[in-house]
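**Q** Work the whole structure out from these sequences, hints included.
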Amino acid sequence: MYFFPLLLELVPSIMSNLLNPDAIFSNNEMSLSDIEIYGFDYDYTLVFYSKHLHTLIFNAARDLLINEHRYPAEIRKYEYDPNFAIRGLHYDVQRAVLMKIDAFHYIQLGTVYRNIDQATTMLDADGLACEDVFKELGIGLSVVPDEEVIEMYEGSHVPLEQMSDFYGKSSHGNTMKQFMDIFSLPEMTLLSCVNEYFLKNNIDYEPVHLYKDVKDSIRDVHTKGIMYRAIEADIEKYICYPEQTCAVLAKLADHGKKMFLITNSPSSFVDKGMRYIVGKDWRDLFDVVIVQAEKPNFFNDKRRPFRKVNEKGVLLWDKIYKLQKGQIYKQ
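If you use full-length UniProt numbering, the sequence shown corresponds to residues 1 to 331, in order.
By construction, these hints were calculated from the structure, which means they are not laboratory data.
A few of these clues could be false.
Okay, derived cross-link-like pairs now, DSS-like style, lysine-lysine, Cα gap no bigger than 27 Å in a straight line [stated by the list, open to error]:
(1) 319 / 330
(2) 272 / 295
(3) 325 / 295
(4) 272 / 77
(5) 325 / 251
(6) 237 / 224
(7) 312 / 295
(8) 237 / 258
(9) 325 / 280
(10) 215 / 325
What follows is a set of in silico ranges between Cβ atoms, one per label pair, in the way DEER data are often shown [claimed, not checked]:
(11) 105 / 307: 37 to 47 Å
(12) 37 / 79: 42 to 52 Å
(13) 102 / 82: 21 to 31 Å
(14) 280 / 322: 21 to 31 Å
(15) 272 / 201: 38 to 48 Å
Think of the CB as a built atom: it goes at the ideal place given N, C-alpha and C, for glycine as much as any other residue.
**A** Spelled out as structure tokens, the structure:
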């Protein structure tokens, strides 16, 4: 951890040996024995994916750019580098630059990078964004001089109205997009690769169009079922630690805890993954299972009635009065 050595200086030496550097510490203590209901997402919660998934997403989105958006076939030479980016970075859509912005909306000078040009990485010791996230390694970006950054933004502070929220929405058209989820890692890498290709080949392009096309391609990898079909075809390659997940769910069930699953993924995909992790009776563990939930809208939109999904993934038409254990629903 970035500040772990400083923490050790504040702790008596006799206690230092008792601290696990890989542990997770909470500011507020909570007794899990008092929690009666546990809710889960599917992707990256119940299911932990291998490093191969990001390569799959990157390659599929890159090919969609070429085949459907008519981008130059030469960008196929770019490959996914898992050490390139971390979550939490901001991307200026109009200027095509990637950077770290702190909690007070100040750009961290020295972390503003443009196109892939020299050996750099943005991965720190424990995967967190910090001032020294750009270290020389395998691939990377060319740094934008501090003077240019200050001139570009008329200082180092970015107004709140230019920032996107957690879901990437902004009142000014996503001027400054923050990449928060794990699926955003191949998106950042692909953006930077195509930017690099255009700049190195002196090709005039509109950064806003590039951002939209990459965003749409990453989305289509999911919505067109490309990712789902690839995982289902080689489930052992992509899903890790099924035994551990099964053990956690079994322990919660043995202690009488109620569990629910709400995911944006489709029914057949979830069913195949959970059969691999738990077994054919996996639905018996959950009091409620909801697929294709369209989160985050799911939590706000009360107008859509629930529909039952049968074992073949077909939506049934009968009216739902109560969500029943062992069934799968879609809203």
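**Q** So if I understand the rule, the pair passes when the alpha-carbon distance is 27 Å or less; does residue 237 with residue 258 pass?
**A** Violated, at roughly 31 Å.
**Q** Would you check the hint for residue 215 and residue 325, treating anything up to 27 Å between C-alpha atoms as holding?
**A** violated, 37 Å
**Q** Is 42 to 52 Å right for how far apart the beta carbons of residue 37 and residue 79 are?
**A** With Cβ atoms ~43 Å apart, the hint holds.
**Q** With the threshold set at 27 Å, check whether the alpha-carbon distance from residue 325 to residue 295 stays at or below it.
**A** The given pair, whose Cα atoms are some 21 Å apart, holds under the 27 Å limit.
**Q** Can you tell me whether the CB distance of residue 272 to residue 201 sits inside 38 to 48 Å?
**A** holds, 43 Å
**Q** Within 27 Å, alpha carbon to alpha carbon, are residue 325 and residue 280?
**A** holds, 15 Å
**Q** Can the restraint linking residue 272 and residue 77 be considered satisfied, given a maximum Cα separation of 27 Å?
**A** violated, 33 Å
**Q** Tell me if the beta carbons of residue 105 and residue 307 are separated by a distance inside 37 to 47 Å.
**A** Given a distance of about 42 Å, which is inside 37 to 47 Å, the answer is holds.
**Q** Assess, step by step, whether the Cα of residue 312 is no farther than 27 Å from the Cα of residue 295, and give holds or violated.
**A** Holds - the C-alpha atoms of residue 295 and residue 312 are around 23 Å apart, at most 27 Å.
**Q** Check the hint pairing residue 319 with residue 330 against an upper bound of 27 Å on the C-alpha distance.
**A** holds, 12 Å
**Q** Taking 21 to 31 Å as the stated bounds, is the beta-carbon spacing between residue 280 and residue 322 within them?
**A** holds, 24 Å
**Q** Would you mind confirming whether the straight-line C-alpha gap from residue 325 to residue 251 stays at or under 27 Å?
**A** holds, 18 Å
Hint compliance for this structure: hints 4, 8 and 10 are not met, and every other hint is.
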